[in-house]
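Student: Once you've looked at the hints, dock chains G and Z against the given chain A.
Chains as they are written, first to last, in our numbering: chain A, 1 to 236; chain G, 1 to 418; chain Z, 1 to 403.
Take these hints with a grain of salt, some might be off.
[Claimed, not checked] Simulated crosslink set (EDC-like; lysine to aspartate or glutamate; CA at most 16 Å straight-line): (1) Z:Lys76 / G:Glu146; (2) Z:Lys75 / G:Glu117; (3) Z:Lys76 / G:Asp165; (4) Z:Lys75 / G:Glu116; (5) A:Lys88 / A:Asp177; (6) Z:Lys75 / G:Asp165.
[Claimed, not checked] Here are a few chain G residues that face chain Z, going by a calculated C-beta distance under 7 Å: (7) Ile88; (8) Glu262; (9) Val272; (10) Leu281; (11) Leu284; (12) Asn291.
Think of the hints as simulated: they come from the structure by calculation, not from any bench.
For every residue, glycine included, the Cβ atom is placed at its ideal position computed from N, Cα and C.
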Amino acid sequence: MSDLVVDCQGVTRVYGDDAVPVRALQGVDFGVAAGEWTALAGPSGSGKSTLLHLVGGLDRPTDGTVVVDGEELSDLSESQLSDLRLRKVGFVFQAYNLIPVLSAVENVEFIMQLQGTDPAERRERALSVLDQLGLGDIGERRPGELSGGQQQRVAVARAIVTNPVLLLADEPSANLDSATTLELLALLRTINEERGVTIVTATHDPIVMGHASRRVLLRDGRIESDEPAASPPSNA
Amino acid sequence: MPASASASRGLFAVVAWRNLWRNPRRTWLTAGGIAFATALVVFFSSFQVGSYDGMIDMATRLVSSHIQVQHPEFHDDPRMRYTVPDGIALTERLAGLPGVAGAAPRAEAFALLSTEERSFGGLVLGVDPDREPQVSDLSKALAQGEYLPGPDDAFIGVALARNLDIAIDDEILVLGTAREGSVGALALRVGGIFSTGHEDTDRSLILVPLRTLQEGFDLGDEVHRILVAADSISDIDDVAGRIELALGEGYRALKWNELMPEIEQGIQIDWVSAQLMYWLLLILVAFAIVNTLMMTVFERTREFGMLLAIGMRPASIMGMLQVEAIAMWAIGASIGLAIALSVIAWLSQTGIAFGEIAEGMDEISAQYFMPERMYPGFAVGAMAMSPAVLGLATLAAAFGTSLRLRRIRPVDALRTED
Amino acid sequence: MKFTLLVQLSWRNLWRHRRRTLILITTICVAVGSVLVLNALLRGMQMSMVETAIDNLNGHFKVVAPGYLDDPGIKKSFSFEPSGHPELASYGIRGWTSRVRVPAVIRSERETRGVQFVGVVPGSEDISFLGDVEIDGEYLSGSDDRRILVGHALAQQLETGVGRRVVLITQGVDGGNRESGYRIAGVYDAVGTGIEKAFVFTGITSLQELLAIDAVTEVSVRLTEGVQGPPVLHRLTRTFTDLDVRTWQDLEPQAAMMHEMADATVSIWFLIVMGALIFGLVNTLVTAVMERIRELGMLRAIGMRRGAVIAQVVIESMITMAIGISVGVVLGLLGYFWLADGIDLSAFSEGLELTGMRPELVPRLWAQDVVLVVGLSLALGFLASIYPAQRAVRIQPLDAMRR
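The following block holds chain A by itself, in its conformation from the complex:
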């Protein structure tokens, strides 16, 4: 099991103070193998978002260890954690979270700019990713001028352009209609299958769960079930 991209052991996360502790996760063991597409499911408050945040290095566990791509996150400083997120993890957010003052292609370039990629290469890679995602003709528009589905696809482009080890998506379809959701999922599937990017999504949406290769159900901060998904629907 040395090719685990994510390895969580005994992870507990408690919010709030000692008087009113909120136990979001209670001793969860959770691993993700390379190339998997895992859907974290469960009702509100089950701890699925918390687990996703911990895996992405957005938050630190109260107890237990989180290892991402061989790096133990609790050993990392704030800025090392920033670098880990920058180089190894790609994020897709529920509310897209594009930078409103930058155009689509600039949003995609932005993350490479943070990494220090040189300008010519940046532009070329950003354009090619947008092209692959069918966004070639909207590169110059700003987020405010894009539809929700378009914005979310730009967000995916931004997340994968750096070839991250791990792509995390938090309720990616929450703001999209069904048709757009299906398009997005098809896109994620391609990324998962053709580029071999490991994906973890937290979701309520049965359609999303249906596309994942593995389904982990959380309840009250514990893993209730962990099973391979029924054969994914063939892309129609």
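Tutor: What follows is chains G and Z alone, placed relative to chain A:
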């Protein structure tokens, strides 16, 4: 249904007040700016007003008093022969007028003051030793000796005494031009030395009994000025009016501001230049208010859309914004006023002594007729100016920014991201 | 390269709320512009007072006999041979002149007044107000001119005029009175009647003859424009070892004090104006942070470091300040040039004379003041971004997930 209308207006105020505290930091920052400007402007202008009264008081009490009656030409061209003929009798009449605290005659002559060793030019004032203390503080500035004990005694400024190198009981000879151009001369003894702190006065004045000067300089019963002190500075105009009526042709009554235009002009320069600065300060704070209100309206686009959607009228929302803005102004203005007024109240007990602020300041202030201790004055107009200007600016800003409401449609507003 | 990225991002963010940013910038440039204009006016007043003090027969430095200032009289005179000090020329001095000054009484047929009777070297009085004063009649022809110059106001009081005779009475070294008649060569019009009433001028040798001395009571020295005073003072003190060298500040302590007060006023007003500005600045900057919490959280989530997020806030503040300051400086300069011909304050001339100012207020803008205002404003912009930056520090990657 007037009852429910007023109830809904009450609720209105509650909503507006609570809205204000949704973003306490911003409310405090804006109110803080208002308080800052209000406190500074109120405090400074109150001190200005206070210092002006002090200056006028100091300057008039020093030598020239509130009002003077002179020969019509004398003020512009102070010559020996431009006299008030029946000086003593007229003084008696003026002293009896209502609102007059005291009146005293004076004759004067420029002369060479000599001792055996030295000579200096100076201005000799012939005063009525009993009446003079009613109109000026020269007698109170006694530093050594006595104030005019006898007919041949002189009362001399401290710097003049130093320049002439004389002390009490020394002889001093006064030589000048008498009424008709002949030589006027007096042989005097130094009876007393005064120190007013005002350099020019201490360096150039010598007081002698009126009669002595009149005799030595062929003046007969004539005098050059009759000084009149009013009961208070605010009475000066009324008293001057009464004096004008009491005088016939051939006299001129001058008020302190005609006698010493430099004092009034100094006050005007100070006031005007300070006003420029105050307005600048108020404009800057007004800009800050506009910006705050703009941010508030912008952030609440969704909320306004919702309010419009549930049937609130744009005018009501604008009214609510006005109430919010005015409440914010009221907080800032009252804090500013409270700070300024408590400092003013405290200082009106203790006063500020310039000498304590910076070394040498007390000497300077004496030259500009500033009293040793300054007390703030309560000038309602000056104090109301800054809160009033900022209040109007707040209202205008609230109205201007709420015009944006007209462009908000309920549906759009509900969609707005951010 | 990271920096240019941040600047680019900050720049665009500023223009998301165009109106808000424009109002903020307007506020800054009004503040900076008016501070500069006020500064120039105050410097103008200050310089006017200083120049009046220097012009009124003081010069930058005055060499006098020890004890003269406490007891100004003919007894405290000293002999001075102009040709004996050729080294003066190398001191950065625009000019110098010697004078005899004694208290005197002037008498016309009608009136008597006390004055300062001053014997001058007419050719070298270009260092005082006498050099360019307006004269009705004639200027003194030389050191041995036996005629006098009187002020306009004094001539009126004495009911006399050009060509008429007056008597001057003063004291010799022996204490005896010296009296002599003089013909008036010219009547001068100085700024302010105080001077006109105070000074009567004649040739220095003729006054020395009257007093039966060949000494002088003062040597007045004026610096070349821009030359620093202290080193020259030092050299003068070493040149005239047995005499007192006094600065204009010693001679006119009131003017010196007013000079210092003007300095203080400039800085106090700068602080007050900037204080008023900072409330609005902080307010806007904090709002700019608070309304972007989710966005800034996202930047943290995708791997931007905390320092970079903070830098963005500071850069936004500095850009705003920089624009406001630049436009403000331009406005200030325009205001300055608009007023450069001087403001006519002659309606207040008596009040101004009290403070030793001329009735024409010519603003002075010094490069060092502009640099100071610009520098301090930038520092203020930095200061104003501290609190918003503290808010930004608290932004966590998780904030990206809000709402």
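Student: Please go over all the hints and tell whether each is borne out by the structure.
Tutor: The hints, checked one at a time:
The hinted pair formed by Z:Lys76 and G:Glu146 fails the criterion: a straight-line CA distance of about 32 Å is larger than 16 Å. Straight-line distance between C-alpha atoms of Z:Lys75 and G:Glu117 comes to about 11 Å, which keeps the hinted pair within the 16 Å bound. At most 16 Å may separate the alpha-carbon atoms for a hinted pair to count; Z:Lys76 and G:Asp165 meet this at roughly 14 Å. Among the hinted pairs, Z:Lys75 with G:Glu116 is consistent with the structure: their alpha-carbon atoms are about 14 Å apart, no more than 16 Å.
With a CA separation close to 30 Å, the supplied pair A:Lys88 and A:Asp177 exceeds the 16 Å bound. The straight-line distance between the Cα atoms of Z:Lys75 and G:Asp165 is roughly 13 Å, inside the 16 Å bound, and the hint therefore holds. Interface hint at G:Ile88: violated, since its Cβ lies 25 Å from the closest Cβ of chain Z, which is beyond the 7 Å cut-off. Taking 7 Å as the C-beta contact cut-off toward chain Z, the hint placing G:Glu262 at the interface holds, the least distance being around 4 Å.
For G:Val272, the suggested interface contact is broken, since its CB lies about 9 Å from the closest CB of chain Z, more than 7 Å. Interface restraint check: G:Leu281 against chain Z, minimum CB-CB distance 5 Å, threshold 7 Å, status holds. Interface restraint check for G:Leu284: the shortest CB-CB distance to chain Z comes to about 4 Å, inside 7 Å, so the restraint holds. Look at G:Asn291: its Cβ gets to within about 5 Å of chain Z, closer than 7 Å, so that hint holds up.
Going down the numbered hints, you'll see the structure goes against 1, 5, 7 and 9, while the others check out.
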